[in-house]
Amino acid sequence: MSCCCNGTCDLSLLKDVLEKYKNIPGSLITVLQKVQELYGYLPQDALRHVAAELNIPPATVFGVATFYTQFRFQPVGKYLILLCQGTACHVNSSLKIERAIHEELEIEDGQTTKDGLFTLKNVACLGCCSLSPVMMINEDTYGNLTPDKTKNILKDLREAQA
Amino acid sequence: MKIAVGQGSCGTAAGAGKVYNLLEKAIEENKLNTELTITGCIGMCFLEPIVDIYLDDGSLKRLVKVSEKDIPAIAEFTKTNDFDIIAGLEVTDEDNSFLTQQTRIALRHCGLINPEIIEDYMADKGYNAFKKSLTMTPEAVIDEIKISGLAGRGGAGFPTWFKWDAARKSPGEVKYLICNADEGDPGAFMDRAIIESDPHNLIEGMLIAAYAIGAKNVVVYVRAEYPLAIARLQKAIEQAKVAGFVGENILGTNFNCDFTIKAGAGAFVCGEETALIESLEGHRGMPRLKPPFPAQSGFWLKPSNINNVETFANVPWIMLNGGPAFAAMGTEDSKGTKVFALTGKIKRGGLVEIPMGKTLNDVIFKIGGGIRDGGKFKGVQMGGPSGGCIPAELGDTIIDYKKLNETGAIMGSGGMVVMDENTCMVSMAKFFLDFTAKESCGKCIHCRIGTKRLLEILERICIGQGRQGDIELMEDLCNEIKSGSLCGLGQTAPNPVLSTIRYFRNEYEAHINDHKCPACECTELLTFKIDAEKCTGCTLCKRKCPVDAITGDVRKPHTIDFEKCIQCGKCKEVCRFDAVLVS
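Listed in order, the protein sequences are those of chains A and B.
Quick note on this note's numbering: the first sequence kicks off at 1147 and runs consecutively.
Quick note on this note's numbering: the second sequence kicks off at 311 and runs consecutively.
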């Protein structure tokens, strides 16, 4: 695990969050969600800081953080691709979409492109089953995908960047 | 005239947001006297984006698959009222039969009202059921639910009144009502649709339940993957507060009730009530030993009652129309209606609410329109990773809790994924086991390690390394996992394997004995060949082959070198002449 902020974490960002939730029991998951909103992932330093401030053993904090699929321990690219691998998408060939993404970006599940632009993450279900296969890139959902359509979407995003 | 654009998650994904913005612009530019509003999800996902035009006489014109290029026509129509302009966009009678064959209770407002405006909900007797309940004793409310026969819609199908009654009778001042909106079952999205499209109905259902069990605190546990649902629910709770339905001394009574929303962090096991409670308390979502049941000792060890979204969504209707009206629908064992998320290889996919007692074929063929692209119906997966595959031969099975259980599947939360002859059942079982093995919380050894071993066997079979005795080994392992697991996840994880072995044993045998995949899905077991008569020698496949396994000159038939071929299927995918044969 490494930290994004030039090697050190700006822990002062956490002040408000910790202040707000410190005395509300059972808030650890909410706090971790806020930490991830702030940094884009859960930096190790921040987790230790949360543990100390909330007076919870670091092992417990790490235990909770690693239990839930929402939490990440590595920074993600500018575009986070959530590729749905739910049942409906599976039946409608989401594996072909995964392969198309791999061909276009040369990344697999959990990896980030070398230029730091795209991260691919397989997810269980986005709940848009009727549009399967589906992926979400940041806030936008793309449905009825084909391998070619997927590649074009990625190409467009990359070109918009250049 | 009023125009409503369907803006659920599916509609938005299909481009409803863009359509709305363009309509807004068109109305402004043309200075049209038209009200533009949004609505939730009508459930006809296969026709999104949907634009509803309510004419001044109250009649409705429903336009489907609306895209950017249709905006000028719609603007023109609002000016001239000339139906011919939009005739091509209107929903066909056949497609509309998807809706007309349904009986909607939980979904009764979905796609018809604006979910972000409380007045829209109030206009259709909204919160009247809650007002009526406040005039009754909590016991009388529970009795009404008992008469209705409502059972938990989240999966287990446990009688709702029984849970409420147990929580009510549990001693203690502080009690909690929890709504399970952690819809983790891949292939089910009715809870998302209800929250996004009719949040006040859910809130009203929860208020009635809170009153019945004597809870002052309601906690809604929603998946973090549903940001729109969370936002709309938050907004609705605030509106209900302003209207005096939530807070202190509600409607002049001494009943107090407050709402909290907690965003889940992604764990399928949190659908289990005690795991959900652990998660609410900020821990790893690992199930507790039962008893004590949540009704005795749940959230913060206080009496708690947990129901799922769809269960609550039925409650206001029952209180308004009476328990007997609800119980009049359905079968001996299962009362009322159930919502299904119809997806997969189906022509018309979306949300279907029907009275219990219809058959699977009714839903798949009459409502869903049958199999997409002229395929043949092979089976339907009911109940997600905890459920099972029901084969086409059993399509006449009646939908109720008991009859579905007899097939080896379950009602579950209502996921209905339809499969055609191109779906490999062994691969399907592998897919579900991959899911449950990853989602096992790890507390019970049989679930943690058993699902992993089961998955490994299935993976072997799918790449042609199945062994004699594998089927029996899996059956044995399945029974061990079922009996050695604490919660529903482990107890039901083997169901997809057991049900596919039961109904599609020949497919397992073909994989193991002949190293063949009858559905041509397991790529490692396929052989690719080029049909010399169809091949035009365009060289496209040769250029695309990642391992240079294809040879041949321009305009002459190509051939594939079996030794080099890695069965990636790229050649078949790119061939424009259908010349690549798979066996």
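It is worth saying that the hints were derived from the structure and are not from the lab.
Glycine included, C-beta positions come from ideal geometry on N, C-alpha and C.
Hints should not be assumed to be uniformly reliable.
Unchecked claim - Covered stretches of chain B, going by a simulated chain A footprint (3 or more residues, C-beta under 8 Å):
hint: 1; region: 794 to 802
hint: 2; region: 881 to 892
Claimed, not checked - Using 30 Å as the maximum straight-line C-alpha spacing, the simulated DSS-like pairs for lysine-lysine come out as follows:
hint: 3; chain 1: A; residue 1: LYS1242; chain 2: A; residue 2: LYS1267
hint: 4; chain 1: B; residue 1: LYS792; chain 2: B; residue 2: LYS844
hint: 5; chain 1: B; residue 1: LYS600; chain 2: B; residue 2: LYS551
hint: 6; chain 1: B; residue 1: LYS526; chain 2: B; residue 2: LYS479
hint: 7; chain 1: B; residue 1: LYS612; chain 2: A; residue 2: LYS1301
hint: 8; chain 1: B; residue 1: LYS844; chain 2: B; residue 2: LYS882
hint: 9; chain 1: A; residue 1: LYS1301; chain 2: B; residue 2: LYS882
hint: 10; chain 1: B; residue 1: LYS479; chain 2: B; residue 2: LYS712
hint: 11; chain 1: B; residue 1: LYS312; chain 2: A; residue 2: LYS1297
hint: 12; chain 1: B; residue 1: LYS442; chain 2: A; residue 2: LYS1168
hint: 13; chain 1: B; residue 1: LYS551; chain 2: A; residue 2: LYS1166
hint: 14; chain 1: B; residue 1: LYS866; chain 2: B; residue 2: LYS844
hint: 15; chain 1: A; residue 1: LYS1242; chain 2: B; residue 2: LYS839
hint: 16; chain 1: A; residue 1: LYS1168; chain 2: B; residue 2: LYS479
hint: 17; chain 1: A; residue 1: LYS1161; chain 2: B; residue 2: LYS844
hint: 18; chain 1: A; residue 1: LYS1295; chain 2: B; residue 2: LYS762
hint: 19; chain 1: A; residue 1: LYS1260; chain 2: B; residue 2: LYS748
hint: 20; chain 1: B; residue 1: LYS371; chain 2: B; residue 2: LYS389
hint: 21; chain 1: B; residue 1: LYS379; chain 2: A; residue 2: LYS1297
hint: 22; chain 1: A; residue 1: LYS1242; chain 2: B; residue 2: LYS762
hint: 23; chain 1: B; residue 1: LYS335; chain 2: B; residue 2: LYS442
hint: 24; chain 1: B; residue 1: LYS335; chain 2: B; residue 2: LYS389
hint: 25; chain 1: B; residue 1: LYS312; chain 2: B; residue 2: LYS379
hint: 26; chain 1: A; residue 1: LYS1242; chain 2: B; residue 2: LYS657
For each hint, the structure was consulted:
Here the region 794 to 802 of chain B counts 0 residues with a CB under 8 Å from a CB of chain A, which misses the bar of 3, and the coverage is violated. For a cut-off of 8 Å, the count of residues in the region 881 to 892 of chain B with a CB near a CB of chain A stands at 1, and the three-residue condition is violated. Between A:LYS1242 and A:LYS1267 the CA atoms are separated by roughly 15 Å; this keeps the pair inside 30 Å, and the hint holds. Restraint check for B:LYS792 and B:LYS844: the C-alpha separation of about 52 Å exceeds 30 Å, so the hint is violated.
Between B:LYS600 and B:LYS551, the direct Cα distance comes to roughly 36 Å. Violation of the 30 Å bound is thereby established for this hinted pair. At roughly 15 Å between alpha-carbon atoms, B:LYS526 and B:LYS479 fall within 30 Å of each other, so this suggested pair holds. Pair hint B:LYS612 plus A:LYS1301 does not hold up; C-alpha atoms about 54 Å apart against a cutoff of 30 Å. Of the pairs offered as hints, the one joining B:LYS844 and B:LYS882 holds, with about 13 Å between alpha carbons and a cut-off of 30 Å not exceeded.
Using a Cα cut-off of 30 Å, the hinted pair A:LYS1301 and B:LYS882 holds, with the two alpha carbons roughly 24 Å apart. Taken as a hint, the B:LYS479 and B:LYS712 pair is honoured in the structure, with Cα atoms around 29 Å apart against an allowance of 30 Å. Taking the CA atoms of B:LYS312 and A:LYS1297, the gap is about 39 Å. The hint is violated against a cut of 30 Å. As the CA atoms of B:LYS442 and A:LYS1168 are separated by approximately 41 Å, the hinted pair breaks the 30 Å bound.
With a C-alpha separation of about 23 Å, the suggested pairing of B:LYS551 with A:LYS1166 holds against the 30 Å cut-off. Taking the CA atoms of B:LYS866 and B:LYS844, the gap is near 11 Å; set against the 30 Å cutoff, the hint holds. Pair hint A:LYS1242 plus B:LYS839 holds up; C-alpha atoms about 20 Å apart against a cutoff of 30 Å. A C-alpha spacing of about 34 Å is found between A:LYS1168 and B:LYS479, which places the hinted pair above 30 Å, so the restraint is violated.
Taking the CA atoms of A:LYS1161 and B:LYS844, the gap is near 69 Å; set against the 30 Å cutoff, the hint is violated. Note on A:LYS1295 and B:LYS762: the hinted pairing is violated, with a Cα-Cα distance of about 35 Å set against a maximum of 30 Å. Proximity of A:LYS1260 to B:LYS748 is assessed by CA-CA distance (about 28 Å); at most 30 Å being required, the pair is judged to hold. Between the alpha carbons of B:LYS371 and B:LYS389 the distance comes to roughly 15 Å, so the proposed pair stays at or under 30 Å and holds.
A threshold of 30 Å between alpha carbons decides the hint, and for B:LYS379 with A:LYS1297 the separation of about 24 Å falls inside it, so the pair holds. Taking the CA atoms of A:LYS1242 and B:LYS762, the gap is near 25 Å; set against the 30 Å cutoff, the hint holds. Using a Cα cut-off of 30 Å, the hinted pair B:LYS335 and B:LYS442 is violated, with the two alpha carbons roughly 44 Å apart. Simply put, B:LYS335 and B:LYS389 have alpha-carbon atoms about 15 Å apart, close enough for the 30 Å limit, and the pair holds.
Taking the CA atoms of B:LYS312 and B:LYS379, the gap is about 20 Å. The hint holds against a cut of 30 Å. About 21 Å separates the Cα atoms of A:LYS1242 and B:LYS657, which keeps this hinted pair within 30 Å; it holds.
Of the numbered hints given earlier, the model fails hints 1, 2, 4, 5, 7, 11, 12, 16, 17, 18 and 23; all others are met.
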